[in-house]
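J.: Position chain R relative to chain D; hints supplied.
The listed protein sequences correspond, in order, to chains D and R.
To convert, take the position in the first sequence, counting from 1, and add 24; that gives the numbering used here.
To convert, take the position in the second sequence, counting from 1, and add 24; that gives the numbering used here.
It is possible that some hints are incorrect.
No distinction is drawn between identical chains; accordingly, a pair holds when it is met within one copy or between any pair of copies.
Here are the simulated DSBU-like pairs of lysine-lysine, each with C-alpha atoms no more than 35 Å apart in a straight line [as the list claims (entries may be wrong)]:
(1) LYS401 x LYS669
(2) LYS95 x LYS595
(3) LYS548 x LYS401
(4) LYS46 x LYS552
(5) LYS689 x LYS244
(6) LYS372 x LYS477
(7) LYS108 x LYS244
(8) LYS531 x LYS372
(9) LYS481 x LYS339
(10) LYS42 x LYS582
(11) LYS281 x LYS689
(12) LYS669 x LYS78
(13) LYS669 x LYS531
(14) LYS339 x LYS42
Calculated directly from the structure, the hints in this document are not laboratory data.
Number of protein chains: 2
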Amino acid sequence: MSRDIYLESTPLDEALRKWLEKLEFEGVSKPLPGETVRVIDSLGRVTAGAVIAKISSPFYHSSAMDGYAVKFPETFGASERTPKRLSIGAQALPVDTGDPIPDGFNAVIMIEDVQIRKSQQSPVDSRSGDSQDAAQTTSSMQEAEYIEIIAPATPWQHVRVIGEDIVATELIVPENHVIRPVDIGALLAGGHTEVQVRVRPRIVIVPTGTEIVEPGSHLKKGDIIEYNSRILSGLVTEWGGDPVRFGIVPDNLEELKKSILHAVDAGDIVVINAGSSAGSEDYTAAAIRELGEVILHGVGIKPGKPVILGWVRGKPVLGIPGYPVSAYITFTLFVRPLIYKLQGIEFKEPDTLKAMISRQVASTPGQEEFVRIKVGKVGDQYIATPISRGAGVLMSLVRADGFIRIPAMSEGIGSGTEVQVELLRSKNDIENTIVCIGSHDNALDLLANILKKRYPKFSLSSAHVGSMGGLVALKRGEAHIAGTHLLDEETGEYNVAFIQRLLPDRKILLMNLVYREQGLLVLKGNPKNIWGFQDLTRNDVIFVNRQAGAGTRLLTDKFLRELGINPNGVKGYEREEYTHMGVASAVLTGVADTGLAILASARALNLDFIPVAKERYDLAMPQEYLDNEMIRCLLAVIREDREFKEIVMELGGYDISDMGTVIYKN
Amino acid sequence: MSRDIYLESTPLDEALRKWLEKLEFEGVSKPLPGETVRVIDSLGRVTAGAVIAKISSPFYHSSAMDGYAVKFPETFGASERTPKRLSIGAQALPVDTGDPIPDGFNAVIMIEDVQIRKSQQSPVDSRSGDSQDAAQTTSSMQEAEYIEIIAPATPWQHVRVIGEDIVATELIVPENHVIRPVDIGALLAGGHTEVQVRVRPRIVIVPTGTEIVEPGSHLKKGDIIEYNSRILSGLVTEWGGDPVRFGIVPDNLEELKKSILHAVDAGDIVVINAGSSAGSEDYTAAAIRELGEVILHGVGIKPGKPVILGWVRGKPVLGIPGYPVSAYITFTLFVRPLIYKLQGIEFKEPDTLKAMISRQVASTPGQEEFVRIKVGKVGDQYIATPISRGAGVLMSLVRADGFIRIPAMSEGIGSGTEVQVELLRSKNDIENTIVCIGSHDNALDLLANILKKRYPKFSLSSAHVGSMGGLVALKRGEAHIAGTHLLDEETGEYNVAFIQRLLPDRKILLMNLVYREQGLLVLKGNPKNIWGFQDLTRNDVIFVNRQAGAGTRLLTDKFLRELGINPNGVKGYEREEYTHMGVASAVLTGVADTGLAILASARALNLDFIPVAKERYDLAMPQEYLDNEMIRCLLAVIREDREFKEIVMELGGYDISDMGTVIYKN
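This is chain D alone, in the form it adopts within the complex:
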C-alpha cells in the first residue's frame, strides 16, 4: 500500500458543490420517509406530511363565559327601565365556560349581567357572592326562579361557535415543519393522537486508531482518549439526527472495511474518524476506495484539510480528520447540510456580527482558514480577538465565541480590520461578557467562576497578553478591565506610572486584586539545584521565558540586569509562554528546567517554588464602565464575596488584605 504524502487541496466551495451534486445525483439528499409517533412524543420532530384537522375545535357550540344560555329573540326589549325576566330551567340555562350550548339556544348572558330573582321572595343580588350556590342547594322544584336582565342579547354572543379555533379540514401544520409545544396542542385539538414525522437520519460514527482508548481506561503513554465521536454525536443530536457510535476499530485495513460495510447497513451517513490523512497508518481512504469511491481527498481549508468525501454502496461515507478542531469544522461543513436535507428542513445559519479584530492574523495563502475568536462588546464596538489556532486545541473551541474565515487568497487580516463573525454564542451572551485583557493570574479564573455562579447572566472572559498589552487594550477601547503588575523601577510603585503614561486622557480606576509571590519553578526536590537567577547562566539549565510586555517578563529582565547577566547566555530565554500555567507546564514536562511564575501555578502542578519577589496585582478599568451592571456585579464579588476570598487563599501565595481597595483614581 502506498503512502500518499500529498493530498489534493480542492477549494472549499468547489468541494461543497461537488459533494452536494453527488448527493443530489444519487438521490440521497431527499427527505427520509415518515414514521408514526404519538403526538405527545412529537416535540422537535419534523412533519412528514401536512396535517389537517380531523375535527373542529370546539366541535360543538360552547359557552365562552360563565352565565346563562338564552334564546336571543326572547331577550328583545330588555332595558334598565324595563328589565326582562327569563325563567331558569326553561328560558335560561346556567352554563359555565366550555359547557355546550343547549339545543335551540343561541346566546349567553354573563353572570355579571344578570340578577337572580325568586317568585314570592325579595330579590337577591347575585353579586352578593353566595346567591347562586344558595339557590342551587335550597330551591325546590315548586319555587320558580328567574334571571332578570336589563339589555337584550345579540345572536351568538359569548358563544364559541363550532370551529372557532380550528375548522375540520383546516391545515394545522405543513409538511417539513418542526413541531413545537403549541403545535402539539393544536394537533390534539384537531383530533390527532398520532402524527407522521420523518425518521431521524442515522449517522454512524466509527472511531479508528490502534492508539485510541475509551475514556476512563487506565492510561499509558501513547494512548489517546477517544472523545471526537462524542463531540460529533452531540452535534448530530443538536441537528435532529440519531447518532450511532460504533466501537473503536484498530488501524487495520480489513477490520476497517468490515466496520464500514456494517456501518453503511446501519445508517444513512457514515463517518470514519480518523485515519483520513496520508500517514503510514491512515487506512480510511484506501478502505473507502476498495469498497466504493473516493470522490475527493483533501480540501483547501485550515484546519481540516485531510477530509475524505466518499461513497460506499449508495451511502455517503466520510473520513474526518483526527484533530478535534479539524473534525468539528469538517463535520459541520460536509455532514450538517445533509442531516438537514434528510429531515426536509433548512438549517439555521449561525447569527453573525461585524466586529473589529484586535490583532493581526497572518494566514497561509491557498487555504481558507477558520480562526476561532473571542468577541466582546466594549462601549459600542464589538471586538474580536483570535485565540489559539492549533487544530489539536479543543479548548480553543470550548472558549470560542465564534469563527472568522480568512479567504484562501488572503495572507491575513490587519489589526483593526472589520471582520464578519459566525457566532457560536448568542449576541446577548456576548454583550453580557466582561472583557478582561492583560496579565494572567489564577485568581482571575476563580473570579470568572464565582461571577457566573452569583450572576448567571454575566461572564468574565480573559485574554492573556501581558500587563502592557492590557493597558494598550484599554487605551484602544478593546477591554473593560486589564490585570496588571508593572513595577516602575524609579518609584518602586506598581502600575500607576504606567497608567499615567499610557492612558493620560482616560479616567481610570485602579483596584487591588491581590498581592502575590513570584518565584522560580523547579521540579519537586529541585533536582538541578536552582536557587536564583544566577543559575540561569549554567550550561545544564534551560529557562522558559514570558512574552514581551508581561509584568513577569519585566521582573525577569530587571533581575538579569541587576545581576549583570546577558540574556544571550540564558538557554531558553527566547522560548516564550503566555501564562503562568504555561511556564509551570513547561517545567513539569521537562521542556524547561525553570521559569518565573506565581506560587499558585507551582501548587497546581505540584512543583517546588523558589520565591524571588512579592508584587501587587491590580485591575485597571476606565471609569466610564463603572455604571455598567456587569462591572458593578464584578466589583461586588471582588469587594464582598466571602467564597471568592476563601478559594483565592486556598490557591496559596496570595495576600488579600487590600482586595477591592481603590489604589488610584484620576
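T.: Just chain R now, kept in the frame of chain D:
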C-alpha cells in the same frame, strides 16, 4: 363555598415582583443540587460546579506530524549544501501524528522534509510514494538506514507538548454552564467520565375539569379534549425542566386537594390547569387556600387574567387559566423564570424587532394586552399584522410570528405605528416568508404547503382581508402578493381595472391562479330549499355574509342589486366572516342557513353547493419583487409543479387551464 365573581387585577410588573420576592424569601429560587451523570449523556445539562481538568491533554509529549523524532542538538549545521545524516533507529525514530516522543528526543522533522538513504545504495526519494513502506518491508537489520536533512530542527518543533490543549488543574467549564458537544469532548479529554449536573426541575402539571377528556377518547358534546398539559409539558422540556403530567382530576374540591398534596411531594413546582377563574366549578383557588396560601388571584393581563399564584407546603403552586392562549402566556410569565433559576441559568430573552403595525389595534385600558401577530419583511420594512385575539384560539399561537404588548394604560395602537415585537420565530424565517394579503382561496393553503415541501427555506403566509384589502396592502408596501377576484361590472373583466385605479404608479404583474365556482352553501340535502339569492328574503332563512372589500362580498351585493333586494331584508347580512371556510363552518354548525363561498369549502365540510357564478382568481404582485429568490420559487411552483396542480384539482370546483398565465403587466 362562595363564588367570587370578581378577581383582583394586579398589574403585571407588580405581580411578577411579588412572586419573585416570595420565591426569593422562601429560598426556592436557588439552583437545585447536583446529580452525577455520565459525560457522554450530559448534552444540554447544566454544570452544578466548576469542572477542572484531572489530567493534561496530551498527557505526554506527542508528535504533531508524521515524520521522525530527533534530538535537536544533533541537527545543528544541516543545510542544503551540507546535508546531515541521522541514523534511523538511533538518532531518528519514525513517528506518526499522535505518537509519543521517545525519551530523550525533543523535536520532530516532517516526513516531507527528509530523504531516506541506505548505505551502499542509491538514494531513494521518499516523495516517490512507496519508499518508506518498501524500506520497512525490505530492509534488514544489517543494512544501516539514514534520514538526510537540509535544515536544523528547533527545540520541540512539531511536538505537541504535555498540556498543549488542556493543563491538569485548568478550568474546563464553569458552574452554571450548559454543556455543549465540544464541552463533552473537553471533559473527556480532561480525564472525566462523569460530571455533576443540576437535577432537572420537576414541574407537575395537574389537568382538572369534569368535562376534560383524554385525546383519542370517543367524544360526546360537552367533552373538552385535554391538550393544555401537553403544551405546557413541551414548554417545560424546551426550558430544560422535567414535566410530570398527572391524571385528570374532576371538579371536586377534595379530589383536587388530594392531587395537589401528591403533586407538591412529587415536584418542585405545581401547576393546576384550570379552574383558576371564579365560576361555580372553579375550585383551584379554594383548594390552594385551604392547603396553603393564595398570594395573588388575578393579574391585569389579557389574555390570562384569572391566574392564581399560590404556595403549599413550601412549594409554588399555580392555577393557570383554561384557555390555551391564556395558559401559554401565564405559564411563560410566571413559571419560566423559576425553571431557569432552579437550573442556575439565565433564560434567553426572545429576539425582538421593530415593525410597523398594518392595522389599528384597540385595547381595553387597565389590562396589559398580549397581541399575537404575523410579521413579514416587505422591501426593507418589517410589517406586523395582528391575528385573532380570542384566548381560546390556539391557532393564533400556532400561526403567530410573535407578540406585541399593549401597555395597561393604552387604548390601543394606531395603524402605521412602530411596535416592538417579541419573536416566536427567527428573524431569518421571517425574512424568508412571502407575505400574501388579500382574498382567501383554499388553493393558497395548498400552495403554501407545496412551497415549503419543495423549498423548506421559504414560507407563504396569508392573511385574509378580502381582495380590496390585498390591493391596498400592496399599495402600502405591506405585502408581496395579493390574491384578488374583483369583478369590474362595466367591463366584465376581473382585477385589471381595480389595479389600474388603486395602484396607478406601481409596476404590477397579474398572474392567474385558478378559475373557480362560487355558490350558495347549504346543509346536505338542502333542508331549507334554498336555490338562489331570492330565497335570502325569506323569514326562515339566515344568511352569513363576507366582510366589506371581499370579492365575494362584491359578488353578493351585485346579485342583490340585480334582484332588487334590500340588504336590510336579509337576516344575518351583518354577520361577517373573513374566509370561505368561515362561511362554510357557519352553515354546517347552524349559525346560518346559507352563505356565498367556493366549492372547495363546501366539499371540505360536506355541504351542498348551489352554483351561482364562475370567477377568475388572480395573484397580483409588484414587479420589483420578481427578482426575489422566494418569489421566483413560488412562481416556479405555480407554473410547473405537477403535484400542486393535481391537489388543486382534487379540491373540486377549479379550472386550472390558465394557472401561471400572465394576465396583465404594465
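J.: Work down the list of hints and note, for each, if the structure agrees.
T.: Verification of the hints:
no.: 1; hint: LYS401 x LYS669; verdict: within (28 Å within a copy, 53 Å between copies)
no.: 2; hint: LYS95 x LYS595; verdict: between (102 Å within a copy, 16 Å between copies)
no.: 3; hint: LYS548 x LYS401; verdict: neither (43 Å within a copy, 67 Å between copies)
no.: 4; hint: LYS46 x LYS552; verdict: neither (62 Å within a copy, 63 Å between copies)
no.: 5; hint: LYS689 x LYS244; verdict: neither (54 Å within a copy, 77 Å between copies)
no.: 6; hint: LYS372 x LYS477; verdict: both (31 Å within a copy, 17 Å between copies)
no.: 7; hint: LYS108 x LYS244; verdict: between (94 Å within a copy, 34 Å between copies)
no.: 8; hint: LYS531 x LYS372; verdict: between (43 Å within a copy, 34 Å between copies)
no.: 9; hint: LYS481 x LYS339; verdict: between (44 Å within a copy, 25 Å between copies)
no.: 10; hint: LYS42 x LYS582; verdict: neither (60 Å within a copy, 60 Å between copies)
no.: 11; hint: LYS281 x LYS689; verdict: neither (69 Å within a copy, 62 Å between copies)
no.: 12; hint: LYS669 x LYS78; verdict: between (64 Å within a copy, 24 Å between copies)
no.: 13; hint: LYS669 x LYS531; verdict: within (28 Å within a copy, 71 Å between copies)
no.: 14; hint: LYS339 x LYS42; verdict: within (15 Å within a copy, 59 Å between copies)
Checked against the numbered hints listed earlier, the structure breaks hints 3, 4, 5, 10, 11; every other hint is satisfied.
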